[in-house]
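Undergrad: Okay, here's what each chain looks like letter by letter:
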Amino acid sequence: MQEDYINIILADDDEDDRMFFTDAFEDLKMTTKVQTFNDGVYLMDYLNSTEATLPNVLFLDLNMPRKSGLECLQEIKQDPKFKDIAIAIYSTSASEEDIENTFVQGANIYIKKPSSFKKLKKVLSEVVTINWQYHTNNMNKDNFLLRL
Amino acid sequence: MTLFFKFDFNAICQTVLEQVLNNNNIKYKNVGFGEIEVLEKITPEKQQDLQNELDTFNIEIVENQKSILVQKIKDTITDMVFNEDTVVNVKSSVYLSEALGHSYGYLSNLFSEVTYTSIENFIIIQKIEYAKQLVIKQDLSLTEIAFKLNYSSVAHLSTQFKNTTGITPTAFQRIIAKRRDLNQQNN
Numbered sequence: 001m002q003e004d005y006i007n008i009i010l011a012d013d014d015e016d017d018r019m020f021f022t023d024a025f026e027d028l029k030m031t032t033k034v035q036t037f038n039d040g041v042y043l044m045d046y047l048n049s050t051e052a053t054l055p056n057v058l059f060l061d062l063n064m065p066r067k068s069g070l071e072c073l074q075e076i077k078q079d080p081k082f083k084d085i086a087i088a089i090y091s092t093s094a095s096e097e098d099i100e101n102t103f104v105q106g107a108n109i110y111i112k113k114p115s116s117f118k119k120l121k122k123v124l125s126e127v128v129t130i131n132w133q134y135h136t137n138n139m140n141k142d143n144f145l146l147r148l
Numbered sequence: 001m002t003l004f005f006k007f008d009f010n011a012i013c014q015t016v017l018e019q020v021l022n023n024n025n026i027k028y029k030n031v032g033f034g035e036i037e038v039l040e041k042i043t044p045e046k047q048q049d050l051q052n053e054l055d056t057f058n059i060e061i062v063e064n065q066k067s068i069l070v071q072k073i074k075d076t077i078t079d080m081v082f083n084e085d086t087v088v089n090v091k092s093s094v095y096l097s098e099a100l101g102h103s104y105g106y107l108s109n110l111f112s113e114v115t116y117t118s119i120e121n122f123i124i125i126q127k128i129e130y131a132k133q134l135v136i137k138q139d140l141s142l143t144e145i146a147f148k149l150n151y152s153s154v155a156h157l158s159t160q161f162k163n164t165t166g167i168t169p170t171a172f173q174r175i176i177a178k179r180r181d182l183n184q185q186n187n
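Protein sequences, first through last, are from chains A and B. So the first sequence is residues 1 to 148, counted in full-length UniProt numbering. So the second sequence is residues 1 to 187, counted in full-length UniProt numbering.
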């Protein structure tokens with residue numbers, strides 16, 4: 001069946017980043033539904049609840065209080081019910097070590113937070129478009145690695 | 001010990017589809033490229049039953065004419081990229097246009113409208129997907145992979161790989177290998 005919109009979730013403790021993120025999606029030509037959470041604990045509580053709509057793409061900030069993005073990633077990767085979610089790490093850090101480690105742990109996408117709103121829109125549009133290709137063409141998600 | 005498999009996706013899908021159609025006692029003629037000519041009248045209820053059974057395999061009956069043509073474009077491209085027996089000596093735009101009987105301009109506009117990406121971009125994505133599979137298998141060198149995928153040089157392949165994924169082929173190979181080790185430790 002054709003899906004009407006793409007479900008997106010972001011977990012990030014920075015209020016401004018959450019706002020920019022939501023605004024950026026409003027300008028894209030694809031129809032998206034964006035939900036945000038303030039930290040990893042709120043996120044995991046929601047994903048594990050019965051009423052949760054699992055996202056097509058989940059964006060995780062690495063540094064969050066209570067539960068970090070890396071801890072969320074590890075929990076999600078251990079639970080088969082989340083296997084269809086593409087995971088994007090969305091972080092200010094861009095050390096080669098961090099990047100490679102999150103990919104090895106199962107992340108599909110690594111995004112260094114862009115410095116301008118215009119760049120942010122471009123990057124998010126690219127992520128959603130390529131994820132859409134994997135989703136609609138039954139491509140092997142295990143080989144889905146993207147760094148922006 | 002690890003076993004690597006090579007799949008012929010078209011053949012797999014075709015077989016699954018034929019089994020489901022036979023199970024449902026539907027008379028059909030296989031036209032190829034995901035097209036089936038049904039030789040009897042199918043009631044909406046029967047079509048729904050068929051769709052329900054196909055859902056198990058994520059196979060969808062495409063109804064809309066535009067979607068059908070877009071699916072044909074995609075199938076022609078994947079066949080062109082993944083199937084070594086399909087030799088393409090002309091530019092891909094000419095090949096697609098001849099294979100599908102429409103002008104390339106028409107195909108190209110339609111494709112972008114429905115898929116949010118261009119035909120050119122889709123070809124690159126598929127080629128890089130194939131390159132990824134070959135890189136992981138590790139039995140061909142990058143030079144051999146570049147040749148197999150019709151790149152003029154290793155540098156050209158590496159650049160397109162990096163532009164498409166943000167990662168070099170070597171880093172990709174290393175990450176997937178490490179990921180496998182980690183999964184084996186956890187299991």
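Hint data in this document are derived by calculation from the structure and do not stem from the laboratory. Among these hints, one or two may not hold up.
[Said to hold, decoys possible] Subject to a maximum C-alpha distance of 30 Å in a straight line, what follows is the list of computed DSSO-like cross-link-like pairs (lysine-lysine):
1) K122(A) - K29(B)
2) K162(B) - K119(A)
3) K178(B) - K33(A)
4) K72(B) - K118(A)
5) K72(B) - K29(A)
6) K77(A) - K141(A)
7) K141(A) - K27(B)
8) K112(A) - K162(B)
Undergrad: Would you mind marking each hint as holding or not holding in the structure?
TA: Okay, the hints, checked on the actual structure:
no. : hint              : verdict
1   : K122(A) - K29(B)  : violated (46 Å)
2   : K162(B) - K119(A) : holds (19 Å)
3   : K178(B) - K33(A)  : violated (34 Å)
4   : K72(B) - K118(A)  : violated (35 Å)
5   : K72(B) - K29(A)   : holds (24 Å)
6   : K77(A) - K141(A)  : holds (13 Å)
7   : K141(A) - K27(B)  : violated (35 Å)
8   : K112(A) - K162(B) : holds (16 Å)
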